[in-house]
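K.L.:
So the protein sequences, as listed, match chains A and F.
For the first sequence, position 6 matches number 6 in this note's numbering, and the numbering has no gaps at all.
For the second sequence, position 161 matches number 161 in this note's numbering, and the numbering has no gaps at all.
For the record, the hints were derived by calculation from the structure and aren't laboratory data.
Please read these numbers as outputs of a predicted model, since none were measured by experiment.
The C-beta atom is built at its ideal place from N, Cα and C for all residues, glycine as well.
Treat the hints loosely; a few may be bogus.
Stated by the list, open to error - Chain F side only, calculated, beta carbon under 10 Å to chain A, not exhaustive:
| # | residue |
| --- | --- |
| 1 | E125 |
| 2 | A128 |
| 3 | G140 |
| 4 | C208 |
To be verified - Stretch by stretch, here's where chain F covers chain A in the computed footprint (C-beta under 8 Å, at least three residues):
| # | stretch |
| --- | --- |
| 5 | 3-14 |
| 6 | 19-33 |
| 7 | 36-43 |
| 8 | 53-61 |
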Amino acid sequence: MKVYTETVVHSAPEAYVNEAPYQIAIVIRDDGSRVTGRILGGRVSIDDEVELAETRGGVPYFKKANQ
Amino acid sequence: MRPVAVIGLGKTPFGAFPDRDLRSLAVEAGRKCLENGNVQPPQVEAFYLGNFAGPAFVGQNHLAPYIGEGLGLDGIPSTRFEAACASGGTAFFHAWAAVAAGIYDVVLVAGVEKMTSQATPRVAEILASAGDVSGEMKAGATFPALFAMIARRHMHDFGTRREDLAAVAVKNHANGARNPLAHMRKVVTIEQVLAGKPVADPLTVYDCSLVSDGAAAVLLAPLERAAEFTAKPVRIAAVAQTSDRFALDEKDDITTFPAVKRAAAKAYQMAGVGPRDIEFAELHDCFTIAEIVALEDLGFAPRGQGGRYTSEGCTLPTGQLPVNASGGLKSKGHPVGATGVGQICDVALQIRGEAGEMQLARHELGLAQNLGGSGASAVVTVLRAV
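Produce the entire structure from the sequences given, and follow the hints as far as they go.
P.N.:
Structural data, given as C-alpha cells:
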C-alpha cells in the first residue's frame, strides 16, 4: 500500500480539535482501491509505502512500512 | 429553447455582519435586484434560492418562502437549491432552464449564506458535511485538507511550485482591494502568503477563501422582452450543470475536475465559442489550487500548467485572460450559497461596463465557473453583450 497524497491538518473540525495537528492521506491499497485514513508515527510523503496499523471507529490508521 | 437575458443585478457587501440575519441579507440583495431590473414583486413568476446550510448555520429551514415573503413575493413557486458551494449556480441553472423552456417569463434567483455566527471549528464541521461524512471527513479531513491533498498531488505530478499557489492569492487580493463590496480589501505579498498561519499543509490561511455573510441576486427574462425592463440586458449564451464522483478518494485522478470539463464542453458548444474566445472569467477559487485546476479544466491553460500560467501574469487584469477581477472568493469572500449568483453578477457588471475600478478593457464575453464540494457538482456559465 502506498500514499497517493497527504496533508497535515492544523485547523481541525470541532470533533478533532484536540488531536490537531494530525496527518491524513489517501492510500492506494494493493488491490488498487483507495481509502482516506490517518497516519500514525512519523510523517509520510507521496509514494511512501505504508501498512495498516489499526482501525478505530471505522477509520484506518496507517504507518510507514517496516518501522 | 428561447434565448434568456439577465435583466437585473443586486448584491450586498460580503463580510462579517454580526447584526444582520440571513433573511435581511437575502432581502436586501433581492430588493436591489428588483429595483435594478425595474421589476415589481407581483411581476415575479418564480423564486429560485441557492443556500448551502442555513439550517446548520442559523437553524432556519424552509428558506425560499421565508425569504420570498420578505421580498413581497406572494403565492409563486419558491424553492431552495442545495449543491454545496455550487448552490447558487445550481439555482441559476434551473431558473434559466424554466425561462428558456417558456414556463415563466420573469424569475428571481438569489443566493445567501450567513456563516459568521458560528466559531471556526463548527464552520469547518458544517462545511465538511459537503464531503463524505462516513469516509474522508470521519478520518479528520476538512475542505482545506481535501484541496491541500489536491495541491500536493498537482505539485508532485506537474512540478507546480508553492509560489504558483501564492500568486493566485496575491493577484486576487490586489483585485479585491478595488472591489467596494469585497470582504477583505487588503493587498498581500507572496512572502505573507507563504508565512501565513498553516491550515492544511501546504495551504496557509492566505490560500483559503473567507468565511463570510452575504447575498446576491439576478433577474432573468426572455431576451425578446428584456428591453421592457432594462437598457443593458446581458445574454446568457450558455449554462451547464454537471456532477461527478462524490468523495475525493473515489477519483482516479484528483488533479482535474471532470464535472468542470464536462460543463465547459457543454457550455462552449451551446455558446458556439471556445476557451480562446473568452475575454475574462470569474473562477471558483475556494482555495488557490482550485483556480489553477479550473484554468486547466476550462481549457485556458495546458494541463499541469495552470500554476505557471498564473505566475507568468496571464490572469492579471492586464493579462491575456483576466481571472477574478472582482477579487474572487479569496478576497471578495465566500458566503457559500451566494457565491455562484455573485459570480454571475460580477461577470454581468463587467459586460455592462459598470465595474468601476475593476472594469476590464475587453468585457463582451465572460465565463463563470462554480464548483460544489471537491468536484461533485459544477456549473459553467457564458454571458455575452447583447
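K.L.:
Each hint: holds or not?
P.N.:
Evaluation of the provided hints:
no., hint, result
1, E125, "4 Å, holds"
2, A128, "5 Å, holds"
3, G140, "5 Å, holds"
4, C208, "9 Å, holds"
5, 3-14, "holds (count 11)"
6, 19-33, "holds (count 6)"
7, 36-43, "holds (count 3)"
8, 53-61, "holds (count 4)"
Comparing the model with each numbered hint stated earlier shows that all of them hold.
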